[in-house]
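All chains, full assembly: derive it from the sequences and hints.
As given, the protein sequences belong to chains A and B, one line each in that order.
Residue 1 is where the first sequence starts when you use my numbering, and the numbers rise one by one after that.
Residue 1 is where the second sequence starts when you use my numbering, and the numbers rise one by one after that.
Derived from the structure by calculation, the hints contain no laboratory data.
Mixed in with the good hints, there may be bad ones.
Said to hold, decoys possible - Covered stretches of chain B, as calculated for chain A (at least 3 residues, CB under 8 Å): (1) 14 to 21; (2) 95 to 108; (3) 193 to 202; (4) 254 to 263.
To be verified - A short list of chain A residues far from chain B (calculated; beta carbon distances all over 12 Å): (5) 112; (6) 128; (7) 142; (8) 170; (9) 178; (10) 235; (11) 239; (12) 244.
To be verified - Ranges of calculated distance between the beta carbons of each label pair, as one might list FRET restraints: (13) A:132 to B:50: 37 to 47 Å; (14) B:249 to A:166: 52 to 62 Å; (15) B:195 to A:15: 54 to 64 Å; (16) A:6 to B:177: 26 to 36 Å; (17) A:132 to B:115: 22 to 32 Å; (18) B:1 to A:124: 19 to 29 Å; (19) B:27 to A:128: 27 to 37 Å.
Please read all numbers here as calculations on a predicted model, not as lab measurements.
We treat Cβ as the ideally placed atom computed from N, Cα and C, and that holds for glycine.
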Amino acid sequence: MNLSPTNAIEVQGLIKRYGDVLAVDGIDFAAPAGATLGLLGGNGAGKTTTIAMLLGLLLPTSGSIRVLGHDMLRDRFAALARMNFSSPYVSLPQRLTVRENLRVYGHLYNVRHTDARIAELAAELDLGVLLDRPAGQLSAGQKTRVALAKSLINRPELLLLDEPTASLDPDTGDLVRTWLERYRAETGCTILLASHNMAEVERLCSHVLMLKQGRVVDRGSPQDLLDRYGRDDLEEVFLDIARDRRSAGGPSVNQDAVPA
Amino acid sequence: MTGAPRRIWGLMYRHLALYRRSWPRLLELAYWPVLGMCIWGFTATFLTRRLGSGAAVTVSALLGGVLLWEVCLRSQMGVTISFLEELWSRNLGHVFVSPLRPWELVAALICMSMIRMLVGVAPAVALAWAFYAFNVFALGPVLVLFFANLMIMGWSVALAVVSMILRHGAGAEPLAWSVLFGLAPFSAVFYPVAVLPAAVRPIALALPSAHVFEGMRGILLDGAVQWYHLLWAFGLNGVWLGVATLLFARQFHQARVRGALLSIGE
Numbered sequence: 001m002n003l004s005p006t007n008a009i010e011v012q013g014l015i016k017r018y019g020d021v022l023a024v025d026g027i028d029f030a031a032p033a034g035a036t037l038g039l040l041g042g043n044g045a046g047k048t049t050t051i052a053m054l055l056g057l058l059l060p061t062s063g064s065i066r067v068l069g070h071d072m073l074r075d076r077f078a079a080l081a082r083m084n085f086s087s088p089y090v091s092l093p094q095r096l097t098v099r100e101n102l103r104v105y106g107h108l109y110n111v112r113h114t115d116a117r118i119a120e121l122a123a124e125l126d127l128g129v130l131l132d133r134p135a136g137q138l139s140a141g142q143k144t145r146v147a148l149a150k151s152l153i154n155r156p157e158l159l160l161l162d163e164p165t166a167s168l169d170p171d172t173g174d175l176v177r178t179w180l181e182r183y184r185a186e187t188g189c190t191i192l193l194a195s196h197n198m199a200e201v202e203r204l205c206s207h208v209l210m211l212k213q214g215r216v217v218d219r220g221s222p223q224d225l226l227d228r229y230g231r232d233d234l235e236e237v238f239l240d241i242a243r244d245r246r247s248a249g250g251p252s253v254n255q256d257a258v259p260a
Numbered sequence: 001m002t003g004a005p006r007r008i009w010g011l012m013y014r015h016l017a018l019y020r021r022s023w024p025r026l027l028e029l030a031y032w033p034v035l036g037m038c039i040w041g042f043t044a045t046f047l048t049r050r051l052g053s054g055a056a057v058t059v060s061a062l063l064g065g066v067l068l069w070e071v072c073l074r075s076q077m078g079v080t081i082s083f084l085e086e087l088w089s090r091n092l093g094h095v096f097v098s099p100l101r102p103w104e105l106v107a108a109l110i111c112m113s114m115i116r117m118l119v120g121v122a123p124a125v126a127l128a129w130a131f132y133a134f135n136v137f138a139l140g141p142v143l144v145l146f147f148a149n150l151m152i153m154g155w156s157v158a159l160a161v162v163s164m165i166l167r168h169g170a171g172a173e174p175l176a177w178s179v180l181f182g183l184a185p186f187s188a189v190f191y192p193v194a195v196l197p198a199a200v201r202p203i204a205l206a207l208p209s210a211h212v213f214e215g216m217r218g219i220l221l222d223g224a225v226q227w228y229h230l231l232w233a234f235g236l237n238g239v240w241l242g243v244a245t246l247l248f249a250r251q252f253h254q255a256r257v258r259g260a261l262l263s264i265g266e
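Structure follows, in structure tokens:
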């Protein structure tokens with residue numbers, strides 16, 4: 001594993017055990033600053049558990065996590081101020097308007113000129129007409145855009161996204177992906193993305209970690225993985241790994257191919 | 001405003017915005033204290049008519065007990081209901097991944113509980129003065145110390161309840177409404193501690209509230225401030241608040257070990 005001050009995330013020997021269940025089994029990885037890292041794996045592979053530990057919501061059984069240079073076990077608040085998170089499985093208060101919700105998080109993240117930042121995000125994410133509507137009255141796509149605005153309120157240097165386009169129609173999904181690409185290009189933000197949408201991962205991610213039963217079973221750039229498995233798309237690679245099948249001349253599990 | 005005060009204000013703003021948008025919630029704050037005052041006020045009126053002016057002081061102690069108990073109850077519920085609002089809206093995941101420290105969360109909940117308590121109790125105080133000729137401010141400046149002790153006790157109980165919710169999840173929600181009522185018989189709200197059976201008096205005397213109500217009756221019945229009761233109340237509050245804070249810190253840590261902060265509402 002190549003630890004470097006230019007890595008936004010550095011994870012070493014990360015283990016999470018719930019009683020007899022080993023949810024995360026000794027994973028190591030690093031995300032270079034400015035990269036978009038995809039976490040792929042089936043249900044129960046350990047993606048959400050890993051993200052929860054990166055956010056400090058969950059304490060690892062053992063191992064170390066450094067985020068933006070801060071040890072998440074000792075100094076998580078310094079890192080949390082510089083990062084943000086979005087997931088369709090965590091809501092914003094439904095009775096508050098979009099503007100009120102964004103103001104709350106503007107305060108929590110100590111954002112200067114919060115209202116100006118909200119106006120900026122509203123313009124960029126096409127939220128203008130939604131700002132004074134209660135969050136509970138929005139469609140799934142609108143909620144996703146609002147959640148994205150919340151996750152960008154503090155101009156994060158690291159963005160953790162858990163299935164950011166789940167349940168979105170193709171148009172809204174494309175809009176979100178385009179916006180993420182632009183934000184990363186403009187700010188150099190590091191993005192960690194857990195997704196089941198393989199096309200999305202191919203499009204957005206510079207690096208991919210394949211998780212299975214809490215372990216990293218392969219890693220590389222999307223193109224590396226396609227070449228290694230002799231496949232045309234990541235979905236086939238995903239199925240090869242999930243079903244323990246290998247294509248002709250297929251690879252052995254590769255633990256060291258990606259910035260790790 | 002920046003740093004911790006701004007983050008505390010951020011969480012308060014979230015709750016204040018909710019009340020601004022929901023008049024039933026605002027009404028509910030004052031509904032129970034006013035209802036309680038109506039019932040006890042009419043009871044007091046009946047007793048005064050039946051027993052004559054000699055019952056007036058006892059009746060004052062009764063109404064004083066009603067009002068001061070509401071201070072404790074609303075302070076406790078102010079913290080726990082505000083915490084539950086976060087849980088019900090499935091917003092805790094966002095709150096706990098923000099830079100808001102756990103002590104700032106507690107500070108915001110306590111500030112909200114003070115606001116909720118004042119909004120809830122003020123109409124009952126006005127009602128008691130306007131319709132039942134009971135002026136709680138007649139207790140004098142020491143009333144502030146009574147209020148402070150009862151609020152602190154309410155927060156201690158609330159922290160213990162929040163800890164149980166962190167430990168047992170949504171299944172522990174009913175404690176938010178019930179646990180303080182379990183302490184009411186020992187708090188000697190309407191009667192002196194001496195009335196209790198000898199075996200349970202130590203329980204009563206371990207509660208700050210019992211000392212506050214003894215102190216209140218001391219003023220209303222004897223016209224004297226019994227400072228030692230206030231000192232006991234402050235001392236016991238220090239102990240119970242310390243215990244509740246340790247319990248909260250422990251359960252918050254354990255919730256991070258178990259991963260309960262994301263799934264707590266389920």
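Hint check:
no.: 1; hint: 14 to 21; verdict: holds (count 4)
no.: 2; hint: 95 to 108; verdict: holds (count 7)
no.: 3; hint: 193 to 202; verdict: violated (count 0)
no.: 4; hint: 254 to 263; verdict: holds (count 6)
no.: 5; hint: 112; verdict: 9 Å, violated
no.: 6; hint: 128; verdict: 20 Å, holds
no.: 7; hint: 142; verdict: 17 Å, holds
no.: 8; hint: 170; verdict: 27 Å, holds
no.: 9; hint: 178; verdict: 24 Å, holds
no.: 10; hint: 235; verdict: 28 Å, holds
no.: 11; hint: 239; verdict: 29 Å, holds
no.: 12; hint: 244; verdict: 28 Å, holds
no.: 13; hint: A:132 to B:50: 37 to 47 Å; verdict: 57 Å, violated
no.: 14; hint: B:249 to A:166: 52 to 62 Å; verdict: 35 Å, violated
no.: 15; hint: B:195 to A:15: 54 to 64 Å; verdict: 59 Å, holds
no.: 16; hint: A:6 to B:177: 26 to 36 Å; verdict: 53 Å, violated
no.: 17; hint: A:132 to B:115: 22 to 32 Å; verdict: 24 Å, holds
no.: 18; hint: B:1 to A:124: 19 to 29 Å; verdict: 26 Å, holds
no.: 19; hint: B:27 to A:128: 27 to 37 Å; verdict: 33 Å, holds
The earlier numbered hints that this structure contradicts are 3, 5, 13, 14, 16.
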